[in-house]
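J.: Here is how the chains run, residue by residue.
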Amino acid sequence: MSVCGSCHGCETSVLELPRPAATPGATPKTVALVGPPNSGKSTLFNRLTGLRQRVANFPGVTVEQHTGVAELPDGRGVSLIDLPGIYSMSPRSEDEQVAYDVLTGKRADTPKPEAILLVLDSTNLARHLMLAAPILSLGVPTLIVLNMADDLRNRDGHVDREALSAQLGAPVALVSARQGEGIDEVFDFMAGALAKPAPMELPVLQDVPKCREWAGRVGKQASYQAPAPPQWTRRLDSVFLHPVAGPVVFAVVVLAVFQTLFTAAVPLMNGVHWLFDVSGAWIMATLPPSLFRSLLIDGVWKGVGSVVVFLPQVLLLFLFIGILEDSGYLARAALIADRTMARVGLQGKSFIPLLSAHACAVPAILSTRTIENKRDRTATILIAPFMTCPARLQVYTLIIAAFLPERRLLGVFSSRAAALLGLYALGFLAAVATARALKSSILKSGSTQFLMEMPSYRWPTVQSLGLRLLDRSKVFLRRAGTVILLVMVILWVMAHVPTQGGRAPAIEHSFAGQIGHAIEPVIKPLGFNWKIGVGLITSLAARETIIGTLGAIYGMDPETQGGDLQSAIHHDLTSGGAVALLIFFAFAMQCISTIAVVRRETGGWKWPALQFGYMSVLAYSGAFLAAHLIR
Amino acid sequence: MLQLSGNNQRDGASATLVDLRRGDAAILDRIDLPGDEARRLMELGFLPGARITAGYSAPGGDPRVFQVDGSEIALRRETARRMKTRPDGGSSVAADARIR
Numbered sequence: 339m340s341v342c343g344s345c346h347g348c349e350t351s352v353l354e355l356p357r358p359a360a361t362p363g364a365t366p367k368t369v370a371l372v373g374p375p376n377s378g379k380s381t382l383f384n385r386l387t388g389l390r391q392r393v394a395n396f397p398g399v400t401v402e403q404h405t406g407v408a409e410l411p412d413g414r415g416v417s418l419i420d421l422p423g424i425y426s427m428s429p430r431s432e433d434e435q436v437a438y439d440v441l442t443g444k445r446a447d448t449p450k451p452e453a454i455l456l457v458l459d460s461t462n463l464a465r466h467l468m469l470a471a472p473i474l475s476l477g478v479p480t481l482i483v484l485n486m487a488d489d490l491r492n493r494d495g496h497v498d499r500e501a502l503s504a505q506l507g508a509p510v511a512l513v514s515a516r517q518g519e520g521i522d523e524v525f526d527f528m529a530g531a532l533a534k535p536a537p538m539e540l541p542v543l544q545d546v547p548k549c550r551e552w553a554g555r556v557g558k559q560a561s562y563q564a565p566a567p568p569q570w571t572r573r574l575d576s577v578f579l580h581p582v583a584g585p586v587v588f589a590v591v592v593l594a595v596f597q598t599l600f601t602a603a604v605p606l607m608n609g610v611h612w613l614f615d616v617s618g619a620w621i622m623a624t625l626p627p628s629l630f631r632s633l634l635i636d637g638v639w640k641g642v643g644s645v646v647v648f649l650p651q652v653l654l655l656f657l658f659i660g661i662l663e664d665s666g667y668l669a670r671a672a673l674i675a676d677r678t679m680a681r682v683g684l685q686g687k688s689f690i691p692l693l694s695a696h697a698c699a700v701p702a703i704l705s706t707r708t709i710e711n712k713r714d715r716t717a718t719i720l721i722a723p724f725m726t727c728p729a730r731l732q733v734y735t736l737i738i739a740a741f742l743p744e745r746r747l748l749g750v751f752s753s754r755a756a757a758l759l760g761l762y763a764l765g766f767l768a769a770v771a772t773a774r775a776l777k778s779s780i781l782k783s784g785s786t787q788f789l790m791e792m793p794s795y796r797w798p799t800v801q802s803l804g805l806r807l808l809d810r811s812k813v814f815l816r817r818a819g820t821v822i823l824l825v826m827v828i829l830w831v832m833a834h835v836p837t838q839g840g841r842a843p844a845i846e847h848s849f850a851g852q853i854g855h856a857i858e859p860v861i862k863p864l865g866f867n868w869k870i871g872v873g874l875i876t877s878l879a880a881r882e883t884i885i886g887t888l889g890a891i892y893g894m895d896p897e898t899q900g901g902d903l904q905s906a907i908h909h910d911l912t913s914g915g916a917v918a919l920l921i922f923f924a925f926a927m928q929c930i931s932t933i934a935v936v937r938r939e940t941g942g943w944k945w946p947a948l949q950f951g952y953m954s955v956l957a958y959s960g961a962f963l964a965a966h967l968i969r
Numbered sequence: 003m004l005q006l007s008g009n010n011q012r013d014g015a016s017a018t019l020v021d022l023r024r025g026d027a028a029i030l031d032r033i034d035l036p037g038d039e040a041r042r043l044m045e046l047g048f049l050p051g052a053r054i055t056a057g058y059s060a061p062g063g064d065p066r067v068f069q070v071d072g073s074e075i076a077l078r079r080e081t082a083r084r085m086k087t088r089p090d091g092g093s094s095v096a097a098d099a100r101i102r
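If you're matching them up, the sequences are chains Y and W in order.
Under this note's numbering, the residue at position 579 of the first sequence is numbered 917, and the numbers go up by one with no gaps.
Under this note's numbering, the residue at position 42 of the second sequence is numbered 44, and the numbers go up by one with no gaps.
Because the hints were derived from the structure by calculation, they are not lab data.
It is possible that part of the hints are untrue.
Stated by the list, open to error - Cross-link-like lysine to aspartate or glutamate pairs, in silico, EDC-like; alpha carbons within 16 angstroms at most: (1) W/K86 to W/D31; (2) Y/K534 to Y/E452; (3) Y/K450 to Y/D439; (4) Y/K712 to W/D38; (5) Y/K712 to W/D71; (6) Y/K640 to Y/D615; (7) Y/K367 to Y/D615; (8) W/K86 to W/D34; (9) Y/K558 to W/D71.
Looking at chain Y on its own, in the form it has when it is part of the complex (with noise of 0.2 angstroms):
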C-alpha cells in the first residue's frame, strides 16, 4: 500500500463552480443527507451535528428519523436530516420511501430541504454515481460528497474532482469522514451561497443499464481509478467466512457478548444498585417520616431504581452490536445465519433484529426495517418480544435466586446459569416454532429473495459509539421515568387507599390487595396468590416493575416485612408456582413500550393484538402446565 504521494485526491480547498448571483447569507434551513446504505452517510452525520443530534420516528411510518444541527464557522445553525439509505429513486422497502417522500417535498411534516448532502463512497464511485442523476435532477443546490477519501488514497484510486465536479454541474468534495478530513468543505457549502446544479445531460432515470453506463462515462471523464480490492477484507473473510473457522468465529461471538453480559456487567450494576441505595438513605435521614417520604423511597427510588440498575447491561449490548454492525462483521454474521433462519422461513437479515431484541425489543422491532419482504418483516416483528431482554432477566434472576441452590453441575456449571441459559433457549425456541407457524400460515410467502451487500471492514469509531450508547440511554432513562414511575406511583397509592382512621390500610385491604384478590382465581390455578397478581397486573406496563411492585407489598405486609425479598417470595410460591412464574415471563408480553412500537411499526391494532393474545395464551397454557406437573 502507498501513503499518498502523487495522487490528485489529497487537496483540499473547496472547488468553485460560477455560480448564479445568490442572495449573499441566505444559508439553508434544512440540508438532507442522501446517499446509498453503506456510504459512510451517518457518520459525517455524526462529525457535522456531534451532540446537537436526535433520533425520532417519522409519524405515521417506522423509520427512524435522525435529525441534528451542524453549527456553521459564523454560529448560525443549519438543521440536517439523515435519510435512509437509498440505492435509487424507485423505493422498494418503507425507508426508501421515506427517503424518497422527503427529498421531493411529499411529507407534509418534514420541510422540503434546501440543500442536499449526496454522500458517495469514493472506494465505489462508479456505481454510487448512479445515485447522482436522479438527485441531481431534482433541482435542489446539491454537494457531492466523495466520502473515504482516505480509503481511496491508500488503496491506490484516484479521482479528478474538479472534472467531476464539471461533468455533474454541482460541487464536488472529498472527505473521510470518519477522520475529520475535509469536513470544513462541507461546512462552507452549507454556510455559502447555494446554487442549484447546472443543467447537465442526464440518463433516462428509470433506465438502469443507461444510468450505470452514464456514471461509468462520469467516472471516466474525471479519470476515476477503482481502487486496489481491499486486502484486509478479503484476508479477515477468508477466516470469518470459512467453512469450519467461519461458523466457530460465530459461536464464539455470541457466546463471549452474553458471557460479557453477565459477567462484566455485574460490578457495573452493583455500583448503580450502591448508588441508589445510598442516595435512598440520604433521603431517608433527611426527609422527616411521612407519607411523602414514604412514597419517594418506596414508589419513586425503589422502583425507578430496581429499572435504571439494568442500564450497564442495556449499554453493554448495544455497545456489542454496535462493533459488531459498524465494523461491517454483523452483515457477515447475518450471512451464515440466513441458512438457519431460512429454515423457519424467515431470512439472514432477521438474525440482526433478533440479536438485538436481548437488549431491548423496541429498537430490535425499529431495525427490521431494513427487511424488504414485509411478510418477513412481519413475522420478525411478531418473534422478536420472546427474546431474553435483561427486563426478563431481572425477574429471572430474583426467582432463580430464591428456589434454586447455588450447586455446580458436573463440577464446572453453576446450577443458577444453566436454569438462566435454559430460559434463554426456551424463549428463543419460542420464537422459532412460532416463525415456523406463521410462515407456514398466515405469513406464507414465496422464495424470499435475501440481497445483502458486505461493507468493507472497518474499526468502529469512539464517536459514533459513544453518540449510539447516549441515544439508548436516554431512551432508556426516558421509560424508567415515565411509563415505570407512573406505574409505580399509582402502585403506591393504590397500596395507601382507603385509608382507615387517616392511616393506610393493611396491603389486604387496600386497592391494590382488593384489585389482588378480584384476580385471584383466575391466577390460582397457575399457584399465584393475589399479591403475584398485583405484580402481574402492575408488570403489564413493564416486566421489571413486578419487583417493585413484590417489594412494596411485601414490605407492607407484617408477614414478611423483616425478611428481603427471595426469602418472602420463598414464603409465597411452592416452587411448581416459581417455575409457572418464570416461563409465565418466558412467554407474556408484558411491555407497553413494545405494544405500542409494533402498532406503528404494523400500522395498526391487528397485529399487537393478536400478537399479545397469542403469548398471553402461551404464557398461561405453559405456567399452568408447569404448576401442574412439577409438585
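Starting from the known structure of chain Y, arrange chain W on it as the hints suggest.
T.: Frame of chain Y; chain W shown alone:
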C-alpha cells in the same frame, strides 16, 4: 492463490451464477427474475455484460458473496440460479488479479 477461471461451466447455454466456484468469473447474460427484483439486482451492479466473480460463502455454499462492480453482494442460491452467465472472455490473469 491461483484458481481455474473461466471455462468450468458445465454447459454454456444453461450456465448460471450457481455454477461458479470461488474465484471463478463469468459474464452476466440475463436475469430471469420479476421486474423489480431484477431492477434491484441491476442497481447493485448485476447488469448484463458485467463481470462477476464468485467469492466466499456461508457454510454449505449458500448464500454466496459475489464480487461485482466494485462491491461484494451476497445472494441466495435460488437467486443466483436465475442469473444466466456466459464464459468470461477476459484474460485469466485479470481474473486472478481480482480474486487475490
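J.: Evaluate each hint against the coordinates.
T.: Each hint, compared with the structure:
no. : hint             : result
1   : W/K86 to W/D31   : holds (5 angstroms)
2   : Y/K534 to Y/E452 : holds (10 angstroms)
3   : Y/K450 to Y/D439 : holds (9 angstroms)
4   : Y/K712 to W/D38  : holds (15 angstroms)
5   : Y/K712 to W/D71  : violated (28 angstroms)
6   : Y/K640 to Y/D615 : holds (9 angstroms)
7   : Y/K367 to Y/D615 : violated (48 angstroms)
8   : W/K86 to W/D34   : holds (8 angstroms)
9   : Y/K558 to W/D71  : holds (14 angstroms)
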